[in-house]
Amino acid sequence: MKALVAVKRVVDYNVKVRVKADQTGVETANVKMSMNPFDEIAVEEALRLREKGIVSEVIVVSAGVPQCQETIRTALAMGADRGVLVQSDAELQPLSVAKLLKAVIEKEGPELVIIGKQAIDDDCNQTGQMLAALLGWPQATFASKIAIDGERAEVTREVDGGLETVAFKLPAVVTTDLRLNEPRYASLPNIMKAKKKPIVTTTPAELGVDVTPRLVTLKVEEPAKRQGGVKVGSVAELVDKLKNEARVI
Amino acid sequence: MSVLVIAEHDNAALKAATLPAVAAAAEVAAAAGGDVHVLVAGTGCRAVAEKAAQIAGIAKVLLADDPAYDHGLAENWAPLIVKLAANYSHILAPATTSGKNLMPRVAALLDVMQISDISAVVSADTFVRPIYAGNALATVQSKDPVKIITVRGTAFAPAEASGGSAPVEAIEGAAAAGISEFVRAELSKSERPELTSARVIVSGGRGMQSGDNFHLLEKVADKLGAAVGASRAAVDAGFVPNDYQVGQTGKIVAPELYIAVGISGAIQHLAGMKDSKVIVAINKDEEAPIFQVADYGLVGDLFKILPELEEELGKRQQ
Chain A
1 MKALVAVKRV
11 VDYNVKVRVK
21 ADQTGVETAN
31 VKMSMNPFDE
41 IAVEEALRLR
51 EKGIVSEVIV
61 VSAGVPQCQE
71 TIRTALAMGA
81 DRGVLVQSDA
91 ELQPLSVAKL
101 LKAVIEKEGP
111 ELVIIGKQAI
121 DDDCNQTGQM
131 LAALLGWPQA
141 TFASKIAIDG
151 ERAEVTREVD
161 GGLETVAFKL
171 PAVVTTDLRL
181 NEPRYASLPN
191 IMKAKKKPIV
201 TTTPAELGVD
211 VTPRLVTLKV
221 EEPAKRQGGV
231 KVGSVAELVD
241 KLKNEARVI
Chain B
1 MSVLVIAEHD
11 NAALKAATLP
21 AVAAAAEVAA
31 AAGGDVHVLV
41 AGTGCRAVAE
51 KAAQIAGIAK
61 VLLADDPAYD
71 HGLAENWAPL
81 IVKLAANYSH
91 ILAPATTSGK
101 NLMPRVAALL
111 DVMQISDISA
121 VVSADTFVRP
131 IYAGNALATV
141 QSKDPVKIIT
151 VRGTAFAPAE
161 ASGGSAPVEA
171 IEGAAAAGIS
181 EFVRAELSKS
191 ERPELTSARV
201 IVSGGRGMQS
211 GDNFHLLEKV
221 ADKLGAAVGA
231 SRAAVDAGFV
241 PNDYQVGQTG
251 KIVAPELYIA
261 VGISGAIQHL
271 AGMKDSKVIV
281 AINKDEEAPI
291 FQVADYGLVG
301 DLFKILPELE
311 EELGKRQQ
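Protein chains in written order, with the working numbering: chain A, 1 to 249; chain B, 1 to 318.
Errors might be hidden in some of the hints.
[Stated by the list, open to error] Straight-line distance between alpha carbons at most 27 Å, and here's what the computed DSSO-like set of lysine-lysine pairs gives:
hint, chain 1, residue 1, chain 2, residue 2
1, B, Lys304, A, Lys241
2, A, Lys241, B, Lys189
3, A, Lys197, A, Lys107
4, A, Lys16, B, Lys284
5, B, Lys143, A, Lys231
6, A, Lys20, B, Lys284
7, B, Lys143, A, Lys102
8, A, Lys243, B, Lys83
9, B, Lys315, B, Lys219
10, B, Lys284, A, Lys231
11, A, Lys16, B, Lys143
12, B, Lys219, B, Lys189
13, B, Lys51, A, Lys225
14, B, Lys143, A, Lys241
15, B, Lys189, B, Lys83
16, B, Lys60, A, Lys231
17, A, Lys243, A, Lys225
18, B, Lys83, A, Lys231
19, B, Lys284, A, Lys225
20, B, Lys284, A, Lys241
21, B, Lys51, B, Lys15
22, B, Lys51, B, Lys223
23, A, Lys241, B, Lys15
24, A, Lys243, B, Lys284
25, A, Lys16, A, Lys2
26, B, Lys143, B, Lys189
27, A, Lys243, B, Lys51
28, A, Lys243, B, Lys143
29, A, Lys219, B, Lys143
30, A, Lys102, B, Lys284
31, B, Lys304, A, Lys231
32, A, Lys145, B, Lys284
33, A, Lys169, B, Lys83
34, B, Lys315, A, Lys243
35, A, Lys231, B, Lys15
36, B, Lys315, B, Lys304
37, A, Lys231, A, Lys32
38, A, Lys241, B, Lys277
39, B, Lys277, A, Lys243
40, A, Lys107, A, Lys243
Please keep in mind that the hints were generated in silico from the structure rather than gathered at the bench.
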């Protein structure tokens, strides 16, 4: 079966973001961009399933500006087979991305879709669930273990109280949590090989998807800064301050 | 039009996470007009509905009691909420793993954009939500006819759990999708308070060096009646289970007192705890970023400090 993985180009997780002075957003010019870390886990999981012989081909999709090609190339360098770029300069919100992915999926026919549980820029945590809804497929969010046996999948999910396991028949959408796997690094030969792997470019218009944003960002502000406090010299002083100054114990 | 809150529960008891969502819903209802209703969907969950009816400010509780709603499968719940949506201007759920799993599925079926993890209500259609791990706050306006919202629990003071006496109305379910099944749950059992509602939290990081060493933290936590949490590094290292994790992608907490032990203070951890009232950092590296947000910092070896702290707290209790 084919697996499809969606990847998002985001500000690298090591970058300390700055809010723009005009409050229109976060500074992204001259900032290092990378693949959303949860999507790396998604790519890795698809590759492992291919290595186990469960998945035959791994297709990587990204939606956004032309530079999203680089994000797709990163996934190809990890080992994915080919890419699809849905190119658009518009702001793409999760509902739009889910519709774009649905259109691509209807062409490609994967039986398993793996996506990061959330992007570390907008922290929305929506796209996978929305995609599953639009396709009428089962969903397994926040996965820490995926077991596939023929047409049946069993997925262990990280939930607030611990772990929960759900089962369903494929096709389905799975979103990844941190403990699912540890993504590999791309080797130099694989980076070279990835340059020759095909990436097809399409657009929202070609896919017949209206991507008009439904949410309007009115402003983006910096949160109130927390002031660092004092260093104390001993445990006794700490307990004393907590009791008599902060009055929290 | 009214505002609907999706109650979180385990068929026996209402979860505390429901109360801040009700508080946010009350703010929305004040801005938009209309009443606040609560939906209790589950199996044999009438007791939960009776409990929800006591929440102050609730006008009605809807009870959907059906085996299909056991274990909160989003595939089965979503059609029910979609069916109810015609009567509501806003539908809110706590931004817990259940709410996050369910609500985007509902939103997509209604063809609307969800507003995730709101931290303030500005008006009936405008909300504040943290982005970039809380390093920025976005004010967003929704143009959709019905607003599907998840609520950051720490940002709203919980609604009073008692004082109300709303009627409970049993409703018909919607056809369940039946495309997924619950297999099993392995839930952590703990005598300690839940992380997201604890007044005091003691958290450990990579500096704890092993899962066994967490008993040092647990002893301190027991003296304070505190919950025990952990950084992502400690969970990834396998010291403690995933449900201990505090941070951008784990639990968001804001207790009265947060004691970070052997935690360096990565951005994604700070995102989960920086709204705590008082933060204490214990770390041997005096340059650790955690000290920049800590009200009280103690530099030193945690393996010496923790037993001392336990003893000192014991002394004060006598």
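Structure-based check of each hint:
no.: 1; hint: B/Lys304 - A/Lys241; verdict: holds, 20 Å
no.: 2; hint: A/Lys241 - B/Lys189; verdict: violated, 33 Å
no.: 3; hint: A/Lys197 - A/Lys107; verdict: holds, 19 Å
no.: 4; hint: A/Lys16 - B/Lys284; verdict: holds, 24 Å
no.: 5; hint: B/Lys143 - A/Lys231; verdict: violated, 49 Å
no.: 6; hint: A/Lys20 - B/Lys284; verdict: violated, 36 Å
no.: 7; hint: B/Lys143 - A/Lys102; verdict: holds, 23 Å
no.: 8; hint: A/Lys243 - B/Lys83; verdict: violated, 52 Å
no.: 9; hint: B/Lys315 - B/Lys219; verdict: holds, 14 Å
no.: 10; hint: B/Lys284 - A/Lys231; verdict: holds, 12 Å
no.: 11; hint: A/Lys16 - B/Lys143; verdict: violated, 31 Å
no.: 12; hint: B/Lys219 - B/Lys189; verdict: holds, 17 Å
no.: 13; hint: B/Lys51 - A/Lys225; verdict: violated, 39 Å
no.: 14; hint: B/Lys143 - A/Lys241; verdict: violated, 49 Å
no.: 15; hint: B/Lys189 - B/Lys83; verdict: violated, 36 Å
no.: 16; hint: B/Lys60 - A/Lys231; verdict: violated, 51 Å
no.: 17; hint: A/Lys243 - A/Lys225; verdict: holds, 25 Å
no.: 18; hint: B/Lys83 - A/Lys231; verdict: violated, 56 Å
no.: 19; hint: B/Lys284 - A/Lys225; verdict: holds, 24 Å
no.: 20; hint: B/Lys284 - A/Lys241; verdict: holds, 20 Å
no.: 21; hint: B/Lys51 - B/Lys15; verdict: holds, 10 Å
no.: 22; hint: B/Lys51 - B/Lys223; verdict: violated, 31 Å
no.: 23; hint: A/Lys241 - B/Lys15; verdict: violated, 34 Å
no.: 24; hint: A/Lys243 - B/Lys284; verdict: holds, 23 Å
no.: 25; hint: A/Lys16 - A/Lys2; verdict: violated, 37 Å
no.: 26; hint: B/Lys143 - B/Lys189; verdict: violated, 43 Å
no.: 27; hint: A/Lys243 - B/Lys51; verdict: violated, 36 Å
no.: 28; hint: A/Lys243 - B/Lys143; verdict: violated, 49 Å
no.: 29; hint: A/Lys219 - B/Lys143; verdict: holds, 16 Å
no.: 30; hint: A/Lys102 - B/Lys284; verdict: violated, 50 Å
no.: 31; hint: B/Lys304 - A/Lys231; verdict: holds, 17 Å
no.: 32; hint: A/Lys145 - B/Lys284; verdict: violated, 35 Å
no.: 33; hint: A/Lys169 - B/Lys83; verdict: holds, 25 Å
no.: 34; hint: B/Lys315 - A/Lys243; verdict: holds, 13 Å
no.: 35; hint: A/Lys231 - B/Lys15; verdict: violated, 38 Å
no.: 36; hint: B/Lys315 - B/Lys304; verdict: holds, 17 Å
no.: 37; hint: A/Lys231 - A/Lys32; verdict: violated, 35 Å
no.: 38; hint: A/Lys241 - B/Lys277; verdict: holds, 14 Å
no.: 39; hint: B/Lys277 - A/Lys243; verdict: holds, 14 Å
no.: 40; hint: A/Lys107 - A/Lys243; verdict: violated, 64 Å
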